[in-house]
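Protein chains: 2
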Amino acid sequence: MPSSLSLMPVPAKVQTGSGQLLIDQTFTAASTGRSDARLDRGIARFLDELSRQTGMPLTVRPADASHATLTIQAQSPGRKVQELGEDESYTLEISASHATLTAPTALGALHGLQTFLQLVAPTSAGFAVPVVTIDDAPRFAWRGLHIDVSRHFFPMEVLKRNLDGMAALKMNVLHWHLSDDEGFRVESKRFPKLQELGSDGSYYTQAEIRDFVAYAHDRGIRVVPEFDMPGHSRSWLAAFPDLASAPGPYKAGRIANWDAVMDPTREGTYKFLDKFIDEMAGLFPDAYFHIGGDEVNPKPWDSNPKIQEFIRAHGMKDNRDLQAYFNQRLQKIVAKHRKIMMGWDEILHPDLPTNVVIESWRGQDSLADVSKRGYRGLLAYGYYLDLMWPAARHYAVEPMSGGAASLTPEEQQRILGGEACMWSEHITPETIDSRIWPRLAAIAERFWSPQNVTDPKSMYQRMDEISWRLGWLGLTHESYYVPMLRRMAGREDIAALRVLSDVVEPTKDYTRTEVFPQPPVKSTPLNRLADAARPESTVARSFSDLVDTYLQNGAQKSAAEAQLRIWLNKWQQNHANLQPLLDQSFLLAEDKPLSEDLSALAAAGLQALDALDKSLPLAAEWRAQQLAVVVRSNSPRANLLLMVAPPIQKLIDAAAPER
Amino acid sequence: MPSSLSLMPVPAKVQTGSGQLLIDQTFTAASTGRSDARLDRGIARFLDELSRQTGMPLTVRPADASHATLTIQAQSPGRKVQELGEDESYTLEISASHATLTAPTALGALHGLQTFLQLVAPTSAGFAVPVVTIDDAPRFAWRGLHIDVSRHFFPMEVLKRNLDGMAALKMNVLHWHLSDDEGFRVESKRFPKLQELGSDGSYYTQAEIRDFVAYAHDRGIRVVPEFDMPGHSRSWLAAFPDLASAPGPYKAGRIANWDAVMDPTREGTYKFLDKFIDEMAGLFPDAYFHIGGDEVNPKPWDSNPKIQEFIRAHGMKDNRDLQAYFNQRLQKIVAKHRKIMMGWDEILHPDLPTNVVIESWRGQDSLADVSKRGYRGLLAYGYYLDLMWPAARHYAVEPMSGGAASLTPEEQQRILGGEACMWSEHITPETIDSRIWPRLAAIAERFWSPQNVTDPKSMYQRMDEISWRLGWLGLTHESYYVPMLRRMAGREDIAALRVLSDVVEPTKDYTRTEVFPQPPVKSTPLNRLADAARPESTVARSFSDLVDTYLQNGAQKSAAEAQLRIWLNKWQQNHANLQPLLDQSFLLAEDKPLSEDLSALAAAGLQALDALDKSLPLAAEWRAQQLAVVVRSNSPRANLLLMVAPPIQKLIDAAAPER
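These protein sequences, in sequence, are chains A and B. Residues 472 to 1130 (my numbering) make up the first sequence, in order. Residues 472 to 1130 (my numbering) make up the second sequence, in order.
I should point out that these hints are in silico values taken from the structure, not numbers from a laboratory. Keep in mind that a hint or two might mislead.
Because identical chains share one entry, a pair is satisfied inside a single copy or across any pair of copies.
[Stated by the list, open to error] With a straight-line cut-off of 35 Å between C-alpha atoms, the simulated DSBU-like cross-links for lysine-lysine are:
# : residue 1 : residue 2
1 : 777       : 484
2 : 551       : 777
3 : 1041      : 928
4 : 1041      : 1028
5 : 1063      : 631
Since the model is a prediction, treat every value here as computed from it, not as a measurement.
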């Protein structure tokens, strides 16, 4: 793909031409194929989005569909309930006078419309799309985003705008983690206690769920529900303690307790699940039904003599066998209600039929094992958005690598794709978009584009451009930032705070700690700098690139040094500017050491540059002092990392080489 | 009021104490007075807003209302249909342990809750409000915002968030300009052609209007509808050409034609209006009904012989008398349907009863005349937000000045207040908030606060703080800006564009011109820099203050000069950075001369500083050259003004004094 196009995900085939198709207020788009209400709604949405993107009212309707500027032809409308593996390909041909989008199904046409939107840009002659021919189809059939709505609840509007974002990136599965210890989020009419006692009142009604599933279907997205069992089920047990392996009582909500596990030895458990799954199978039309199955705490089974007796009586070796027994029983129930069961790695067991799908949080080797045993699988490992990794790190995770690299073609076919996971312990409706976007775009590209599309530099360039365009969909991953900083500052002027917050990132992996308020209440405020800070600092990324350019000693060296000095001077002076605010707001007090160290690091960076300019290496003692600051900055404080520490360390290393 | 409090509007009486009331997650608020559903909803909204402002979930409910942290007591719930002049006063007493809000009516209590929200700030100990006692009541009973939804249509959500903003500033009237030449925006069930032929399909259904009126009432805001007649009525005549003074045909929409005027000589006109007003009187519960009455184009009456004959036959002098005859007939119809008629200056006529209210766009002298003749009036002159004046200019407009300053106390009583007017020729849903906010806050203060509250410096300090807090209500006056710049640039990096856009303002008064697209279509895109630029440049305001500080030659001089040089250097270099983008986007090409002149002005400013530093006056020829740039910059180009030209002119004048 030519670098002038900012398409994401990169299409399978792009052939550029010369010239462009102007888009002015006479622009029209219409379907010339068989009538399809879903596609028509998609075209209406496309025109709305094009109008928003350009700021031009687009109200002209073509007298005749075939004379529209963009004609769209889908050979079939696609399945009423979207199926895994439906044809999603499309061809988009743009000439200087006209554009044609053709696709075997409406799904492909919807994807093609998103590609068209990404091509629109202002030129000297007006808004335009380039002359181009694009033949596109996804690499993987399952391109999902998993959202946990149990740990924190997200209103429908938040989820819907994220569906819009997914559609823009051609993702096609929303995996909805609807129950966990902390909350049960679906209205059950058969067992209303589930939502009444299993949640804090925040749950989705069945009418909302139907509306949401239709909204997703309109955008080419399947909705796969997950009800996690037998572990991660405290919220169920708050409503139905009889299902539990230990006496309880149980209480939903955010408390540090994952002892709640269903009792697989009692018939009542399966009777209940049969009725429950019957109801949910009617509510969620997708063919797949996720039963979780991860991280079953052994304690309640170990300490229940009746359960241990059951294990012995049935000739099982251990709790693992007991869970396999549970899963077999469960699979029969799920299949009875015409659904295909799926679950996390832990459910894999030879006694389960091979139509079960395994979602692997363990990695490509585990995934390869799944496939070799004849099961289908998808990869979640490496795509956990809550771990706050940089986009490039997710981008580099290849489902067909590691153990999966040596699979036979037939085994490879059983790798369906992957899912990004947004676990919600530390996110709220205010911050969720910023934790999903724009990094999800990199993962979406991994799932859609050819395997050889791997250049992180190109990815970042395109991701930066896609990111602001996603704002037109109402996503708040850019707009959330300044208001959160102002809340902490309690004032309009946040210039100095922003200098600091622009170069920190939330701590990675599972290192985040929470300060619970006293007295304890339902939900910890997530209103600190660690919540406002972006998962990936673009300032730190650019600064790091500048340091590399500078140290390469090439033609760009002096320009890079000038830029480095501007940044370093600003940071060096910043703590003095920021200190009064840090003293004034309880929300910022914890960030003082970071602010001090940013100025200290900047001073070290400037000293290093001076020394390098003069070719006078600095002393080991100086080096040791500065590296102490680097070490501190690389460890979490206030749940934050100072991301300019590593590049500044490179300057220190260069100016005071180890002897 | 102590300067540490950022209250807006300034309350009537503030008595500060020492200490503060902490607000943590145990905070509760409850009504201890008689049960009132509206107040209870107001308190629930208050808790939601407090939670959003602080980022703290607030879910604790007090066991007993009287033990809430904030107790609220309203002696009466207020009228079911809010009335002009209802008591809106309140008293808010905050101690270190508790807060009490008391008010004669729920209206006052709602205002008091807004005051409380403005007091909340982060401190070193936590979120807190200061210990304080506030006795507050409005100066004027009518504190309105007029929104024109005819020239551009605004969806309900846009209007609702503006009602939220009005409530935050204690405004109490939404004057809804529902019909004009360009569009008729209300569903009439009796005359559905009005919306069908009189609009482009964008209108409010009666269900939406009822919901909106209830939403406003919940926030202490009356909704006064305006149906403009007999002029400004092309949209009506598109549906009912028989009502017209000339044969037509008529067409609604944005075309340059204001020839459409109703025929006041035909009985059919009054029969129609009687039925129409009967329907609208039922839909809009407010006691007042605005009939417009402004700017009647004389042409259709002059050129219709039957109308001229009617004027002669009835012994009228001229068209003015004919309009007075129309208004008398109309007033009887309005009164028959139990409404009080109001209209713009032009309807003032001794034959109308004195309960008619006159809204003056002509000014305080006209308003004084209204009052002296026994009518009640309100001031719109000086508060037209579409004229793009700075907030301080609106703030300085005092209803009781000019001719109104010498009124007797009784006559003064008839000045009810005022209205800010948002005419919508050049605004869209994307930009309207930025044209209303934050400047409306200054006008709201003029209407609420004591007459002696006039310091623009204090106003600006507080307005800057209120402005970002209004963002919590969903108002987009800050968030609209960057996306619009990126749309024009077609890329993420808008640094250089922003440097320019931060120092320009849309042209003032009625000097804006439109570039209509070819071929002409329904609605001109409003997607240029003149649409994105803020009505008032805070950068230019600060720069101007710095120039004044510098030229005062006081202790701050050298600090001011250093700051001036930073700005001037940035601007001087900016055109080189921006030029490629200006060449690349058709939306920005027209801004090139402005960008060039910003750099030229900055160069002149730097030369002036250098000369002043050396006490070497610059030559008259240099002065003439630079002033030519200033003169250009003070005239609209691309519908923009370069706002740093006047302060830079001061530097030029100082460095090269006229001889």
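- Which earlier hints turn out false for this structure, listed by number in ascending order? Those not satisfied are hints 1, 2 and 5.
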